[in-house]
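J.: Below, each chain spelled out in residue letters.
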Amino acid sequence: MGRFHRHPDGTEHDHLDEADAHDHDHEGVERDVGDHSGYTATGANRIAVLEDILSENDRMAEVNRKDLIGIRTVNVMSSPGAGKTTLLRRTLAELSGQLRVGVLEGDIATSIDADRLDGFGAEIALVNTGNGFGGECHLDAVMVRSGLARLPLERLDLLVIENVGNLVCPAEFDVGEDARAMVYAVTEGEDKPLKYPVMFRAVDVVVVNKVDLLPYLDFDMGIFLANLRGVNPAAQVIRASARTGEGLDAWCSWLLG
Amino acid sequence: MHELSLCQAIAESVARHAQGRPVARVAVRIGHLRQVVPDSLLFSWEVLTSGTDLAGTALDVEQVPVTIECNRCGATSVLDDPIMLCGSCRDSDVTVLTGEEMLVVSLSLAEV
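Heads up: the sequence lines are chains A and B, in that order. Just so you know, the first sequence maps onto residues 605 to 861 in the numbering used here. Just so you know, the second sequence maps onto residues 251 to 362 in the numbering used here.
These are computed hints drawn from the structure, not numbers from a lab. If you're wondering where the values come from, they're calculated on a predicted model, not measured in any experiment. Treat the hints with care, since some could be wrong.
Okay, the calculated beta carbon distance ranges per label pair [stated by the list, open to error]: (1) L654/A / C339/B: 31 to 37 Å; (2) C323/B / D722/A: 35 to 41 Å; (3) V346/B / G723/A: 40 to 46 Å; (4) L818/A / V297/B: 41 to 47 Å; (5) G324/B / C856/A: 55 to 61 Å; (6) G701/A / V287/B: 23 to 29 Å; (7) R759/A / G337/B: 50 to 56 Å; (8) E296/B / T791/A: 21 to 27 Å.
Examples of chain A residues lying across from chain B (beta carbon under 7 Å, computed) [to be verified]: (9) P837; (10) V841; (11) I842.
All residues carry an ideal CB built from backbone N, CA and C; glycine is no exception.
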């Protein structure tokens with residue numbers, strides 16, 4: 605186990621294990637090597653915590669999950685521009701009249717996506733995450749909770765949570781969903797599963813979107829799928845085009861669980 | 251990118267456990283499978299705590315490598331990249347043993 609830390613002069617290093625944690629010298633450096641008291645793990649002034657950093661988020665996610673019993677809830681994630689909203693528009697049109705659908709729309713700013721989803725008979729709640737430090741890059745369980753309060757849960761069969769477009773952060777935050785989907789555009793190339801493994805590992809299904817563009821791209825589906833299998837062997841894959849409607853049936857049937 | 255949110259959560263956890271006592275150091279443990287950049291976490295911690303009771307509190311970040319156990323041959327491997335393959339038989343049916351940690355481990359109270 606490495607123990608990464610930084611000294612006041614800006615140098616930083618890893619301690620490989622407890623044994624070398626304290627009495628090391630920094631070769632050729634004549635100076636204070638920093639306060640290592642934090643590594644004296646036995647002091648009476650040390651309080652053991654061992655608490656998950658996201659425990660509060662996870663607690664709130666469980667509260668959401670309880671409120672969502674009986675409603676199939678799917679957290680949809682992707683990078684910006686992969687086609688989440690376009691796919692959702694088609695999905696809502698497809699399911700309209702069959703199911704009572706709610707959409708919780710997360711965005712850093714603007715109601716553009718929420719407006720695009722209007723008019724399909726779905727209940728829509730917008731959660732703008734743009735508070736504080738210029739906008740959160742993900743939805744967390746508390747933000748979702750605030751959105752749930754604005755949806756008529758007793759009248760829903762399916763809730764789609766459209767997360768903030770981002771391949772990094774949303775994967776870390778449980779918001780109370782039953783399943784996680786990712787919309788991936790073939791224009792993003794084959795390598796992203798290797799670059800964003802946390803996100804690709806976190807999802808149950810990957811909708812490989814914009815396949816109507818394949819004739820015009822150098823995208824190699826075989827390489828992409830091999831990369832995806834490398835980080836997430838269990839993920840289901842649906843080839844789709846939100847533009848032409850290809851794969852929509854398979855996606856809708858996955859969505860319904 | 252979400253390091254600031256994590257620091258917020260760390261600060262809340264610290265406040266719960268310190269119960270008003272001054273804190274000198276906070277130790278956290280982060281697995282390599284979490285997309286957390288230690289530098290970014292340290293920077294966020296500085297930004298977030300400045301002007302609060304936790305200003306100047308050191309954040310010690312312990313990183314945990316990814317280890318997996320193969321469900322076929324039983325071998326344990328340490329991974330350098332996120333490709334979930336057994337280092338011995340290359341099977342993909344593996345269980346992650348370590349690397350997904352994201353914990354506040356302990357606090358060290360300041361001498362008063």
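J.: Each hint should be assessed against the structure and marked as holding or not.
T.: For each hint, the structure was consulted:
no.: 1; hint: L654/A / C339/B: 31 to 37 Å; result: 34 Å, holds
no.: 2; hint: C323/B / D722/A: 35 to 41 Å; result: 54 Å, violated
no.: 3; hint: V346/B / G723/A: 40 to 46 Å; result: 44 Å, holds
no.: 4; hint: L818/A / V297/B: 41 to 47 Å; result: 44 Å, holds
no.: 5; hint: G324/B / C856/A: 55 to 61 Å; result: 41 Å, violated
no.: 6; hint: G701/A / V287/B: 23 to 29 Å; result: 47 Å, violated
no.: 7; hint: R759/A / G337/B: 50 to 56 Å; result: 52 Å, holds
no.: 8; hint: E296/B / T791/A: 21 to 27 Å; result: 38 Å, violated
no.: 9; hint: P837; result: 4 Å, holds
no.: 10; hint: V841; result: 15 Å, violated
no.: 11; hint: I842; result: 21 Å, violated
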